[in-house]
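Visitor: Read off the chains here:
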Amino acid sequence: MSSTGVASPGEDIDSRVSGRGLWRSFRTASWLGWQIESNWTDPFLFAIYSFIKPISAAAILVVMYGIITQGDFESPIFTYMYLGNAFYIYVGAVMAGVSWAVIDDREHYKTLKYMYVAPINIPMYLFGRGVAKFIVGSISVFITVVFGMLFLHLNIELTAVNWPLFFIALIIGVVMLALMGLILAGVTLLIAHHVWFLGEAVAGALYLFSGAIFPLEVLPPAIRWIGYIIPITYWLELIRRALVGSVAEAFPTLSNLSNGQILGILIGLTIFFGVLSVFVFRWAEKQARERGLIDMVTNY
Amino acid sequence: MVDHSSVLGPISAKKSTGFRLSLKTVVARAYPRVIGAQREKSWMFFDVFLPMLAVSAYVFVYRAIGAPEEYVGFVVVGGAMTAFWLNVLWSMSSQLYWEKEQGNLALYIMAPNSMMAILLGMALGGMLATGLRAAAILILGSLLFDVQFQVVSFVQLFTVFMLTMIALYGMGMMSASLFLLLSREAWHLSNLAQEPIYLVSGFYFPISSFSFWIAAAASIIPLTLGLDAIRQLVFPTGPALGFLTVRVEIMALVVMSVVFVVAASYMLAHLEKLAIREGRLTESRR
Chain G
1 MSSTGVASPG EDIDSRVSGR GLWRSFRTAS WLGWQIESNW TDPFLFAIYS FIKPISAAAI
61 LVVMYGIITQ GDFESPIFTY MYLGNAFYIY VGAVMAGVSW AVIDDREHYK TLKYMYVAPI
121 NIPMYLFGRG VAKFIVGSIS VFITVVFGML FLHLNIELTA VNWPLFFIAL IIGVVMLALM
181 GLILAGVTLL IAHHVWFLGE AVAGALYLFS GAIFPLEVLP PAIRWIGYII PITYWLELIR
241 RALVGSVAEA FPTLSNLSNG QILGILIGLT IFFGVLSVFV FRWAEKQARE RGLIDMVTNY
Chain V
1 MVDHSSVLGP ISAKKSTGFR LSLKTVVARA YPRVIGAQRE KSWMFFDVFL PMLAVSAYVF
61 VYRAIGAPEE YVGFVVVGGA MTAFWLNVLW SMSSQLYWEK EQGNLALYIM APNSMMAILL
121 GMALGGMLAT GLRAAAILIL GSLLFDVQFQ VVSFVQLFTV FMLTMIALYG MGMMSASLFL
181 LLSREAWHLS NLAQEPIYLV SGFYFPISSF SFWIAAAASI IPLTLGLDAI RQLVFPTGPA
241 LGFLTVRVEI MALVVMSVVF VVAASYMLAH LEKLAIREGR LTESRR
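Chains as they are written, first to last, in my numbering: chain G, 1 to 300; chain V, 1 to 286.
Think of the hints as simulated: they come from the structure by calculation, not from any bench. Where hints are given, some of them may not hold.
Unchecked claim - Keeping only pairs whose Cα atoms sit at most 30 Å apart, straight-line, the calculated DSSO-like set for lysine-lysine is:
(1) V/24 <-> V/273
(2) V/24 <-> V/41
(3) V/41 <-> G/113
(4) V/41 <-> G/110
(5) V/273 <-> V/15
(6) G/286 <-> G/113
(7) G/110 <-> G/286
(8) V/41 <-> G/286
Predicted model, so just to flag it, every value in this text is computed and none were measured.
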């Protein structure tokens with residue numbers, strides 16, 4: 001280091017990949033994401049918006065269920081369905097949120113090229129942009145679950161919850177969703193704006209195949225196997241077992257696997273998607289740079 | 001001497017005015033929605049694929065809880081009709097916001113045609129393009145899940161459908177005028193109006209499951225009564241699960257059609273003036 005405090009070329013560390021650089025990218029992007037998510041209206045309206053959407057989505061299932069079963073909310077299938085639907089909010093929020101940041105920055109704000117010029121780590125930046133969606137998603141999940149407990153006899157005994165399992169599963173699940181979001185972000189770098197529904201399409205497909213709102217046994221055998229290779233299936237199962245252990249016993253889907261085995265599968269699939277996301281994003285980013293797509297504005 | 005006619009065009013060219021101009025405007029604005037929308041194959045695919053995912057999920061939910069098979073039919077019909085609601089939300093209500101973002105709104109205002117004709121073109125084009133997608137969802141859903149229809153009266157069914165569309169797109173034209181005053185919140189409001197409307201309008205279950213007054217309040221959305229009437233006309237158990245009789249619902253839809261379209265023209269004129277006065281036509285508040 002020279003006397004002026006400036007690092008000499010030989011000592012120059014790429015700040016984009018240093019620990020401090022990664023944290024700085026993540027922290028700044030989190031702040032930015034929160035500003036974008038929340039400053040379009042006053043806090044009261046924002047709170048109403050955050051409350052109405054998830055409750056309405058849950059209420060559709062509740063009404064459907066209530067009509068057919070004449071209000072049998074004590075049944076384990078209701079708890080299965082309700083909790084799966086509630087925590088699935090994270091899939092749309094985190095996974096689609098990380099990939100949406102590419103479209104938001106590239107097409108709406110036209111700042112993606114400046115992000116590439118800035119001394120930040122792009123994947124960490126995208127993860128940071130997903131934090132705001134995670135926070136809003138968490139609020140929605142919390143409201144939905146509390147609403148179910150207070151008004152729909154959702155059978156969760158707080159003293160019987162396996163809190164360590166719950167938080168471990170939640171953290172691993174959110175990381176898994178963020179990594180899947182990075183894959184989508186990479187693909188989004190290469191496609192035009194009108195494919196904003198890519199995140200929504202993938203979330204919708206996973207909704208169908210992950211056993212979120214009905215056991216996998218309901219699916220035709222020809223497509224049931226898809227559910228067993230999706231990490232979200234195991235994640236939701238762990239969340240249900242942590243919150244209401246007895247619910248899992250009512251359904252044969254993963255009943256032959258212990259909590260430890262399911263956790264192991266979830267971690268394994270998360271690592272797999274983590275590695276895949278690194279390769280896919282790097283490849284897609286390289287393609288986008290070579291084809292001049294970083295500052296593409298398609299205006300569809 | 002310079003031949004100005006080659007620069008300015010033949011002097012005897014007839015200008016379109018009045019009704020002819022409005023008609024040409026309607027066709028011109030409908031054209032991108034009918035023709036242009038079909039050119040992008042990914043749109044066609046996802047416009048059918050995404051609703052089919054939701055339809056499939058709800059069908060499997062009903063099967064998981066042992067619902068009668070006609071509820072599967074309700075979901076398929078409701079899923080097809082969500083295409084129209086989403087079109088009204090995103091391609092009618094929010095459309096002028098998108099135009100403002102892209103800088104076209106000022107051009108619309110400056111052009112010698114009426115904004116009402118532009119909105120009408122958007123409505124007609126959207127109705128047609130979405131109709132194709134809704135038909136695809138209906139056919140696919142019916143084949144995939146073996147839904148059986150028993151149509152009581154094709155004339156009534158066609159009448160209900162057309163009145164629902166007129167009322168619905170009239171409502172879309174009203175909200176398009178309102179969104180002239182909005183900026184980024186337009187996207188969020190449209191996003192907010194999805195699940196709550198699916199819930200109160202009974203897209204996936206009979207609206208008669210709610211109390212009378214809740215169902216009556218929800219009937220302000222034309223799709224509520226339209227879906228209820230359609231279910232009564234195409235499913236054997238539909239009448240038993242209906243909210244009002246088909247006749248009453250048709251009359252209500254007629255009233256809504258007239259009121260919404262007339263209100264749209266007044267709102268558009270008033271809100272256009274307000275937006276011009278407050279300088280909201282070209283602002284881009286991100």
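Visitor: Now tell me if each hint is right for this structure.
Guide: Cross-check of the supplied hints:
no.: 1; hint: V/24 <-> V/273; in the structure: holds (24 Å)
no.: 2; hint: V/24 <-> V/41; in the structure: holds (27 Å)
no.: 3; hint: V/41 <-> G/113; in the structure: holds (29 Å)
no.: 4; hint: V/41 <-> G/110; in the structure: holds (26 Å)
no.: 5; hint: V/273 <-> V/15; in the structure: holds (26 Å)
no.: 6; hint: G/286 <-> G/113; in the structure: holds (14 Å)
no.: 7; hint: G/110 <-> G/286; in the structure: holds (19 Å)
no.: 8; hint: V/41 <-> G/286; in the structure: holds (27 Å)
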